[in-house]
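Undergrad: For reference, the chains in residue letters:
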Amino acid sequence: EVQLAQSGAEVRKPGESLTISCQGSGYTFTNNWIAWLRQTPERGLEWMGNVYPDDSDTRYSPSFRGRVTFSADKSISTAYLQWSSLQASDTAMYYCARRTVVALIEYFDYWGQGTLVTVSS
Amino acid sequence: AIQMTQSPSSLSVSVGDRVTITCRASQAIRNDLSWLQQKPGKAPKLLIYGASTLQSGVPSRFSGSGSGTAFTLTISSLQPEDVATYYCLQDYNLWTFGQGTKVEI
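Protein sequence lines, in the order shown, are assigned to chains A and B. Under the numbering used here, the first residue of the first sequence carries the number 1, and numbering increases by one thereafter. Under the numbering used here, the first residue of the second sequence carries the number 1001, and numbering increases by one thereafter.
Honestly, the hints are just simulated from the structure, not real lab data. Since the model is a prediction, treat every value here as computed from it, not as a measurement. Heads up, the beta-carbon is just placed ideally off N, CA and C, and yes, glycines get one too. Treat the hints loosely; a few may be bogus.
Computed beta-carbon distance windows for the label pairs [what the hints assert, rightly or not]: (1) S121/A with D1017/B: 31 to 39 Å; (2) E1/A with E1081/B: 28 to 36 Å; (3) T1020/B with S56/A: 40 to 48 Å; (4) E16/A with P1080/B: 40 to 48 Å; (5) S1007/B with G15/A: 15 to 23 Å; (6) G1016/B with T30/A: 27 to 35 Å; (7) E42/A with Q1079/B: 42 to 50 Å.
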């Protein structure tokens, strides 16, 4: 069974750093890109970007480039989302999702359970 | 950036009703569209991809249609467990979600 297990909820102060994780199981982790997505009541669901676990290649949404960093450790089937300096506006639920491509059709077929990040002084 | 506009933003229906949700793209996106369902407190779940292909395990009362700029998600006979927010998602150029349609009974 394909599963993406995300790390637990985090509370940080503005300016602090943070890394959250997404561990895949039940499939060959290096065969699929992992997407990171943000959800807030104000802006809804937003695609942040993708990381390819096999070589750590990355694609960033223009809205998030320079604000976050994606990485992956294929030896432990885990992808990461990192902030170097959090802002209150980073308060959100963050999801990872597996990107699958079949006959040029793409979709996010499996999702992690979400990691709630709260940034407050 | 491609904008996705869903309508309606919410609807209240009865069990057994036929439900139709529309998603319009700001430019043609072929059939590069999926539909997701999100129940309260849960992660989104893929229902349909490629505009009309039902994801494995999804009940056949869900169907999708459309191409280009106009797309539709239909629930043929709403069940209590279908109470959720539904999102369209385009992958023609990067990825953009619609704002969601909340379905209540």
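Undergrad: Does each hint fit the structure? Answer for all of them.
TA: Hint check:
no.	hint	verdict
1	S121/A with D1017/B: 31 to 39 Å	47 Å, violated
2	E1/A with E1081/B: 28 to 36 Å	21 Å, violated
3	T1020/B with S56/A: 40 to 48 Å	43 Å, holds
4	E16/A with P1080/B: 40 to 48 Å	43 Å, holds
5	S1007/B with G15/A: 15 to 23 Å	41 Å, violated
6	G1016/B with T30/A: 27 to 35 Å	46 Å, violated
7	E42/A with Q1079/B: 42 to 50 Å	31 Å, violated
Checked against the numbered hints given earlier, this structure breaks hints 1, 2, 5, 6 and 7; the rest are met.
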